[in-house]
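Using the supplied hints, reconstruct the complex from the two chains, each of which is provided in its own coordinate frame.
Chains as they are written, first to last, in full-length UniProt numbering: chain A, 1 to 150; chain B, 1 to 205.
Possibly wrong hints are sitting among the right ones.
Selected chain B positions facing chain A (Cβ under 7 Å, derived; list incomplete) [said to hold, decoys possible]: (1) V79; (2) L82; (3) V89; (4) Q93; (5) G120.
Per label pair, the in silico range of CB-to-CB distance [stated by the list, open to error]: (6) B/R152 to A/Q112: 15 to 25 Å; (7) A/V58 to B/G40: 45 to 55 Å; (8) B/Q188 to A/L140: 20 to 30 Å; (9) B/P127 to A/V88: 32 to 42 Å; (10) B/R112 to A/A68: 15 to 25 Å; (11) A/D124 to B/G159: 21 to 31 Å; (12) B/D99 to A/Q112: 36 to 46 Å; (13) B/T183 to A/H31: 19 to 29 Å.
Read the hints as simulated data drawn from the structure, not as lab findings. Since we're looking at a predicted model, the values are computed, not measured. In this text, a Cβ means the ideal position worked out from N, Cα and C, and glycines have one as well.
Here's the letter readout for the chains.
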Amino acid sequence: MLCRLLFLLASGVMLAGRAQAAEADHVTASHAWIRLLPGELPASGYVALRNNGVSNAVLVGAHSKAYASVMLHQSTQDAGGMDRMTTVSRLAIPAQGEVSLAPASYHLMLEQAASPPKVGDTIDITLDFADGSHLPVAFLVRPANAADAN
Amino acid sequence: MKLLRLARLICLLTILLASLSMSACHQDQPPPWQLSDISGHMPDLSFQLTDDQGKTVTAADYRGKVTLLYFGYTHCPDVCPLTLAHLHVVMQQLGKLSDGVRILFVSVDPTRDTPAVLHGYVSAFDPHAVGLTGSPSDVEALTKRYRAAFTREPGKADGSYDVSHSSGIYIFDGNGKARLLATPADTQDKLVHDLHLLLSPGDTT
Ligand SMILES: [Cu+2]
Numbered sequence: 001m002l003c004r005l006l007f008l009l010a011s012g013v014m015l016a017g018r019a020q021a022a023e024a025d026h027v028t029a030s031h032a033w034i035r036l037l038p039g040e041l042p043a044s045g046y047v048a049l050r051n052n053g054v055s056n057a058v059l060v061g062a063h064s065k066a067y068a069s070v071m072l073h074q075s076t077q078d079a080g081g082m083d084r085m086t087t088v089s090r091l092a093i094p095a096q097g098e099v100s101l102a103p104a105s106y107h108l109m110l111e112q113a114a115s116p117p118k119v120g121d122t123i124d125i126t127l128d129f130a131d132g133s134h135l136p137v138a139f140l141v142r143p144a145n146a147a148d149a150n
Numbered sequence: 001m002k003l004l005r006l007a008r009l010i011c012l013l014t015i016l017l018a019s020l021s022m023s024a025c026h027q028d029q030p031p032p033w034q035l036s037d038i039s040g041h042m043p044d045l046s047f048q049l050t051d052d053q054g055k056t057v058t059a060a061d062y063r064g065k066v067t068l069l070y071f072g073y074t075h076c077p078d079v080c081p082l083t084l085a086h087l088h089v090v091m092q093q094l095g096k097l098s099d100g101v102r103i104l105f106v107s108v109d110p111t112r113d114t115p116a117v118l119h120g121y122v123s124a125f126d127p128h129a130v131g132l133t134g135s136p137s138d139v140e141a142l143t144k145r146y147r148a149a150f151t152r153e154p155g156k157a158d159g160s161y162d163v164s165h166s167s168g169i170y171i172f173d174g175n176g177k178a179r180l181l182a183t184p185a186d187t188q189d190k191l192v193h194d195l196h197l198l199l200s201p202g203d204t205t
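So that you can see chain B by itself, here it is in the shape it has in the complex (with noise of 0.2 Å):
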């Protein structure tokens, strides 16, 4: 009788189990990500630069924060600043999660953009952006890591010039990983859906 008891709950907590797996793998599918998923195809976030408030500063000051990586320049007053102020709207809609993000502008312009510079800019739109420059070399060295590329334009009478710039926003997690790549014709919806499943708690991966 004891036994029989003992069988049945057996039966009982396989057949729960097995639910229970069933519809974890119903999770794990179709992929989560609405954007690009670049694990295991970019490398880790890794720099050394000036911040904004003319600190130096590594990737590893970043650790612990989901990152948002975008290389432009200050006088760019046409794409650089949509890109931005489409990021900022997407900080307000994660609303308090947001402090879990920084937005990293790395200036592709370092010779323009110095740290003070650099801070009007990104303060302008949105808190949890930092800008970071630093040598012609160290910027370079970032960009060919994630293979963005840009030219200087050739100037123009007033010395004034141009960069031709990448346009991706790569996106790491809290380790650095490389995660996504949105482009801009990535809607809002689609980074806050994705930047919510990166800022959840239960992302280990």
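Chain A extracted, bound-state conformation (with noise of 0.2 Å):
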């Protein structure tokens, strides 16, 4: 009898976790593209998500065998014209909808490059999420003067 409870319960839990785990797999990703700017410099990366599932998708953080350091960031200006940038630990999708990392705005701040990409490059990075489900995302080098969104 405990047994079957604890079987019960341990499926339970194995479930939950299942459908949590699918945050990633609601969400696509978009215009994905990094900014290269010359030697060892920090690069950013921009992305647009759409979350097609019925709940929040959490953007926690992102990784890639291509830089060591990964963090995602946003660019905020106060009232008095000054520009900061600041390190954001979650950020939530919400259900059927749209959030851009963007310049002067979300972005991930690329840094220490296993080796120097080039203009033209695709880059994979694996956007992480809240749950711990995984999105990985090809992203188009492009030279630094690039003005338009991709």
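So, in structure tokens, the structure goes:
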């Protein structure tokens, strides 16, 4: 009896886990690109994210083999016209909603490239969600002075 | 008879002159600028810094050029490149006229921004961009002159750090007079429009 209860409990936990682990499954990425800066300077990554699910998907970070450091940042400007960057630990993409990582807003700050990327390369960056699920995205490397959203 | 003709001529001339001066008046207003007019509100361009070739330069070296002064730093991967990329588009739209313009990118992070780093950085954006760096006190003096603030944020574990900085673009005419202020919210079209006016030979103010 106890055994059966434990089994039910365990499978219940597993099911819940599986349902939750689907955050990344409901998110689609588009217009992913990297603004490449010369030398060893940090680059920034941008991507439009859409959540087709029925609950929030929460982006908590990203990682990549191509960069030793990938951080989720936000650029903000205060009333005095001061620009600053802050680290973002959680970025919710609302159910049936969209959030863009875009210039002068949310971005991935990419540092310590494993090998110098070139314009035209695609670089794989994996987006990490709060439930531990992942979304691999291919980012197109564009020149420093790319002005339009691709 | 002769006198009458002369009187008529004078009359015509007067009307002509009057209409000319009226149309000139109409051209004077509304103000032609689409960006914020800061004429008389900000001091003339003045500095002594090191350019991205390692040469000591002063504001006098840029006399005869319309200059766009912008404070930033190269480890800023998001907002600074966006601004410089926009200015690159503006330069392209100005075509040949862009030769009369210099973008002065002044580093508010002179510790990391050596002339060599700055050279690679500005060259990646536009041939009319110049990187300027100097001693922390020289850079600070220039930011203070234009009431542009910057602060170094607390460092991270790996020793890197960010710098918060003012986002305005200060525009000076060929005589080094402060003329216009652009913010990142201003469109490229506004910049192109006003730079056209500043670069036209008729601008003597
Ligand atoms: Cu950043």
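query: Going back to the hint list, which numbers does this structure go against?
result: The structure conflicts with hint 4 only, although it agrees with all the remaining ones.
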